[in-house]
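> Protein chains in written order, with my numbering: chain A, 1 to 333; chain B, 1001 to 1333; chain C, 2001 to 2211; chain D, 3001 to 3211.
One thing to keep in mind: the hints can contain errors.
As the list claims (entries may be wrong) - Derived DSS-like pairs: lysine-lysine, alpha-carbon spacing no greater than 30 Å straight-line:
| id | chain 1 | residue 1 | chain 2 | residue 2 |
| --- | --- | --- | --- | --- |
| 1 | A | Lys325 | B | Lys1028 |
| 2 | A | Lys311 | A | Lys325 |
| 3 | A | Lys325 | B | Lys1002 |
| 4 | A | Lys2 | A | Lys180 |
| 5 | A | Lys2 | C | Lys2023 |
| 6 | A | Lys202 | A | Lys180 |
To be verified - To give an idea of the chain B side of the interface with chain A (calculated C-beta under 8 Å), a few residues:
| id | residue |
| --- | --- |
| 7 | Pro1008 |
| 8 | Val1011 |
| 9 | Glu1209 |
| 10 | Gly1264 |
| 11 | Glu1269 |
| 12 | Ile1273 |
Source of the hints: derived by calculation from the structure; they are not laboratory data.
Each residue gets a CB set at the ideal place from its N, CA and C atoms; glycine is no exception.
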Amino acid sequence: MKKLINNPENVVKEELEGISYAHPDLVKVFFDPNYIVRADAPVQGKVGIVSGGGSGHEPMHGGFVGMGMLDAACPGAVFTSPTPDQMLEATKAVNGGAGVLHIVKNYTGDIMNFEMAADLARAEGIDIESVVIDDDVAVQDSLYTAGRRGVGTTVLAEKLCGAAAEERRSLKQVADLCRKVNGWGRSMGMALTSCTVPHVGKPTFDLPEDEMEIGIGIHGEPGRERMKVKSADEITEMLMEPIVKDLPYKSGDEVLIFVNSMGGTPLIELYIIYRKAYEIAQKHGLKVVRHLIGPYITSLEMAGCSITLLKMDDDLKKLWDAPVKTPGMRWGA
Amino acid sequence: MKKLINNPENVVKEELEGISYAHPDLVKVFFDPNYIVRADAPVQGKVGIVSGGGSGHEPMHGGFVGMGMLDAACPGAVFTSPTPDQMLEATKAVNGGAGVLHIVKNYTGDIMNFEMAADLARAEGIDIESVVIDDDVAVQDSLYTAGRRGVGTTVLAEKLCGAAAEERRSLKQVADLCRKVNGWGRSMGMALTSCTVPHVGKPTFDLPEDEMEIGIGIHGEPGRERMKVKSADEITEMLMEPIVKDLPYKSGDEVLIFVNSMGGTPLIELYIIYRKAYEIAQKHGLKVVRHLIGPYITSLEMAGCSITLLKMDDDLKKLWDAPVKTPGMRWGA
Amino acid sequence: MTISRDDVLMWIKNYAGVIRENKEYLTDLDAAIGDADHGANMDRGFQAVLGKMPELADKDIGTIFKTVGMTLLSTVGGAGGPLYGTLFLQAGMKTAGKMELSLEDLVTTFEAAISGVVMRGKAEVGDKTMIDALTPALEALKKASEENQPIAEALAAFAEAGKKGMESTTPLVAKKGRASYLGARSAGHQDPGATSSYLLLRTAADTWGDA
Amino acid sequence: MTISRDDVLMWIKNYAGVIRENKEYLTDLDAAIGDADHGANMDRGFQAVLGKMPELADKDIGTIFKTVGMTLLSTVGGAGGPLYGTLFLQAGMKTAGKMELSLEDLVTTFEAAISGVVMRGKAEVGDKTMIDALTPALEALKKASEENQPIAEALAAFAEAGKKGMESTTPLVAKKGRASYLGARSAGHQDPGATSSYLLLRTAADTWGDA
Ligand SMILES: Nc1ncnc2c1ncn2[C@@H]1O[C@H](COP(=O)(O)OP(=O)(O)O)[C@@H](O)[C@H]1O
Ligand SMILES: Nc1ncnc2c1ncn2[C@@H]1O[C@H](COP(=O)(O)OP(=O)(O)O)[C@@H](O)[C@H]1O
Ligand SMILES: [Mg+2]
Ligand SMILES: [Mg+2]
Ligand SMILES: [Mg+2]
Ligand SMILES: [Mg+2]
Chain A
1 MKKLINNPEN
11 VVKEELEGIS
21 YAHPDLVKVF
31 FDPNYIVRAD
41 APVQGKVGIV
51 SGGGSGHEPM
61 HGGFVGMGML
71 DAACPGAVFT
81 SPTPDQMLEA
91 TKAVNGGAGV
101 LHIVKNYTGD
111 IMNFEMAADL
121 ARAEGIDIES
131 VVIDDDVAVQ
141 DSLYTAGRRG
151 VGTTVLAEKL
161 CGAAAEERRS
171 LKQVADLCRK
181 VNGWGRSMGM
191 ALTSCTVPHV
201 GKPTFDLPED
211 EMEIGIGIHG
221 EPGRERMKVK
231 SADEITEMLM
241 EPIVKDLPYK
251 SGDEVLIFVN
261 SMGGTPLIEL
271 YIIYRKAYEI
281 AQKHGLKVVR
291 HLIGPYITSL
301 EMAGCSITLL
311 KMDDDLKKLW
321 DAPVKTPGMR
331 WGA
Chain B
1001 MKKLINNPEN
1011 VVKEELEGIS
1021 YAHPDLVKVF
1031 FDPNYIVRAD
1041 APVQGKVGIV
1051 SGGGSGHEPM
1061 HGGFVGMGML
1071 DAACPGAVFT
1081 SPTPDQMLEA
1091 TKAVNGGAGV
1101 LHIVKNYTGD
1111 IMNFEMAADL
1121 ARAEGIDIES
1131 VVIDDDVAVQ
1141 DSLYTAGRRG
1151 VGTTVLAEKL
1161 CGAAAEERRS
1171 LKQVADLCRK
1181 VNGWGRSMGM
1191 ALTSCTVPHV
1201 GKPTFDLPED
1211 EMEIGIGIHG
1221 EPGRERMKVK
1231 SADEITEMLM
1241 EPIVKDLPYK
1251 SGDEVLIFVN
1261 SMGGTPLIEL
1271 YIIYRKAYEI
1281 AQKHGLKVVR
1291 HLIGPYITSL
1301 EMAGCSITLL
1311 KMDDDLKKLW
1321 DAPVKTPGMR
1331 WGA
Chain C
2001 MTISRDDVLM
2011 WIKNYAGVIR
2021 ENKEYLTDLD
2031 AAIGDADHGA
2041 NMDRGFQAVL
2051 GKMPELADKD
2061 IGTIFKTVGM
2071 TLLSTVGGAG
2081 GPLYGTLFLQ
2091 AGMKTAGKME
2101 LSLEDLVTTF
2111 EAAISGVVMR
2121 GKAEVGDKTM
2131 IDALTPALEA
2141 LKKASEENQP
2151 IAEALAAFAE
2161 AGKKGMESTT
2171 PLVAKKGRAS
2181 YLGARSAGHQ
2191 DPGATSSYLL
2201 LRTAADTWGD
2211 A
Chain D
3001 MTISRDDVLM
3011 WIKNYAGVIR
3021 ENKEYLTDLD
3031 AAIGDADHGA
3041 NMDRGFQAVL
3051 GKMPELADKD
3061 IGTIFKTVGM
3071 TLLSTVGGAG
3081 GPLYGTLFLQ
3091 AGMKTAGKME
3101 LSLEDLVTTF
3111 EAAISGVVMR
3121 GKAEVGDKTM
3131 IDALTPALEA
3141 LKKASEENQP
3151 IAEALAAFAE
3161 AGKKGMESTT
3171 PLVAKKGRAS
3181 YLGARSAGHQ
3191 DPGATSSYLL
3201 LRTAADTWGD
3211 A
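Chain A with its partners taken away, still in its complex shape (with noise of 0.2 Å):
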């Protein structure tokens, strides 16, 4: 394993100093428990969005902090969910009167410290509404499993939730904006190589050097099916079409495309892949009128990409294009 670290074990700590140096204008980083919350939280009268989840996915979620998008986030070990105590804290520590809305990626683990930290947030008498994000099409959805994970929609509604929150919109609002655009937006994704948890040291699974998966999480779990590598083209078409099947996409819906790295694909890599996309969205009459292409939520080093297609309207076009000033997307301020 090389990485560029220190001690394994430190290296969530360490990234947060790093963070804590780097932003002080945009984010106050605290430690034990760990969270980052935006540097003039509470924010009085507006509904506060906290989200969080292991680390080695960043700049999701401690990047996305700040003016516009997240009112806090609470880093896990690396690729591991964060625990109540940290929820609990950043929830205080960003709630403004409005209530606070969670952002809760599918994953068991996720969904049940979330679920206990809510618990002892409105026993302290704040008000809690957490959504759930599963928008993985990679994943047979059924009532009788875990269901789908959630993936790059999460970053989409975090900035859109952030936008309708900065508007002053009241917690119900906030929660429904959250619920439509996972209601809406759909991911899949693919991995080229795996990645090596710190602590581990050696990567989570082998792939020879002709082979790739298909449907891979953001966890460096292998994907549902393993096959020989393709073209960039044939790859994008094989998650751009169980994408738009899903929701499914009609003719004359405007989107926004989101293609992203795993984290070891470099940007041009990613416009090959948004060229392929973009042709594939026109094909089938879908106008693309907005787009994010870059890595935002990663696994660590993985090669790999995926790709998110939300459905857009005029209300979640004006809240994409609204400033956000974090340190890990920023416009319009």
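Assemble the complex: chain A is given as a structure, and chains B, C and D with the ligands must be docked to it using the hints.
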């Protein structure tokens, strides 16, 4: 070689198509010869700024075209300097009557091709200034060799000169600013892995699982020295100390720290590097007033990082903070 | 024959050692069908628990279990944290103020503890989770208690049933937890959580076998 | 004995084939001390030159060389593009309007071409560049011409001197071009540009050897 590409020969063309689909609001993309200009070019009365170089360093340079940064970028083949005809067309397309600055990284190929382009542009009556960036302290500086490579400072110079041109400073002023930035900026880089040029199909060099290269450039070339992998803190010291000594930066100086991923190194590790770089700067009495952290000048999927230090003054701080709106760097707009 | 406060502390301490020894094994199991962190998570949690030992020296069993539960809850994270945290918190509720446990106490305690895990995780036997080890083990313990077996034999049956339950997870297709995302690919691998649960029961039997 | 317009075209065409054959070899040399693109760059350029062949069929030697130079300039990029581009452009200036070249013409043509490369790249013999192959080759050609040797022998000496020059680059520490960044680590590797230059001369000797 596993990459998200189609035919290796078409990598740059398809990337440019992706860019043209994604950012029509920011840039116009031209083919044969290939160049990217800002959507509203030429801006009358504004100095035009043109840069360019081999592809594979994304977002540099194409991702830096837009308001407040470059007016045009010329992408060559991967790791290969572009050609004079590209540069000439780009220069003509962005000439708003106030002259054009060529920002050239110090590589023999880039120098010679830009020289020829400048001659051709002057022959067409366009005022041209060329500034060469050579900030890599890993390379011994000497009159009798090709001198130092242009690396991280290029990104900073493009941002700062872009802001100065936006203020309608004259060609002479913008060129002088660029020379000042080059004089005040120093960089050094390292690699944990090699990278694979698409049409070559195998890594440029072999690096055993427990070794790293120190003093690399940005073209996948081996560095000055190969050694056993060290900790992030030790590596940061090995990069920072030669940088700090070279200018020399003095106690009390204000600096910008730029921690750059070579492409495959994820953000979580960059913050661990930034943490130590910040502490070393403080130890030297340097005041860190600005920062940039992320993959900005990359070598395809290479794992590794570079650090750039730039001495700052009030003018540079103001120019740094000025709005910029490009696919790869954006704030305040 | 009863389990003393000290026996309980010894169980926890021994289990922390067992987890340390099996850290890589559990992580490897999790790498196959999960995200390669179960060993590290459990180890982080039980090392933190070890750090709490001094302040537990003179506490009742309920306080001991509650402290273990709270510590796991705030240090393990992932699915394991809330599940094992709940297990010990529920055990703590049932044993509040107690300084020793009879076999019947053990049954009611584990019954409460394991019901807590079921309530939290909503898994059933056959979903390829911890529950596949815990539920049959509890049944065996109940049966032994009803049959008035000696505590050592009851605990041996308890651990043995847990082992069978753990092994039964191998062919299963996961329905709960992270492994469920793999669909059919999850079959053929033993569940990491069932394994750490079996080890917990086995350590109880080993620690208390001659109680 | 002279070199005809057709001989010149054949030289260019043969060299395009030689580059194609040696593409990987040149890239491997460049990988060791440069950036692994010299073979691909030269091949891209000379494939484009081949595409220009039809329109050159009835042109004079100056036009042929000028077209080759302009094509290389706009397709090769890197250091090789301007250097080989300049070489052919300068050759084109010296041969404007000519339909055939004597040995003396060859000397003045290569003299101008190679001076162009020196002016453009500012390298000297010993800097570990193309110049290390080109300059001694030119000297040998001059000498052969002064000694009135037959053109075939002169060209053989020309190529042979280029080969020696190419080989002389191996122990050198690079002073120009990308390899200079490696410092002492550049020693022990043959220079890719000197290699492609030698191949250009060798192809001339092979193509025109029986002219
Ligand atoms: N809903 C559930 N109910 C009971 N146990 C579960 C449930 N979901 C997951 N588990 C158990 O948790 C184990 C994984 O724990 P761990 O690796 O620590 O968490 P994570 O899956 O969040 O990485 C699984 O092997 C399984 O036994
Ligand atoms: N200043 C120079 N003068 C003459 N030849 C040079 C000079 N710099 C580089 N070269 C030649 O160019 C070759 C490299 O060409 P190429 O790989 O195409 O360009 P780049 O170095 O830009 O990738 C070197 O091997 C060397 O022979
Ligand atoms: Mg986990
Ligand atoms: Mg090159
Ligand atoms: Mg796990
Ligand atoms: Mg080269």
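> Output the indices of the hints that this structure fails to meet, ascending.
3, 4, 6 and 7
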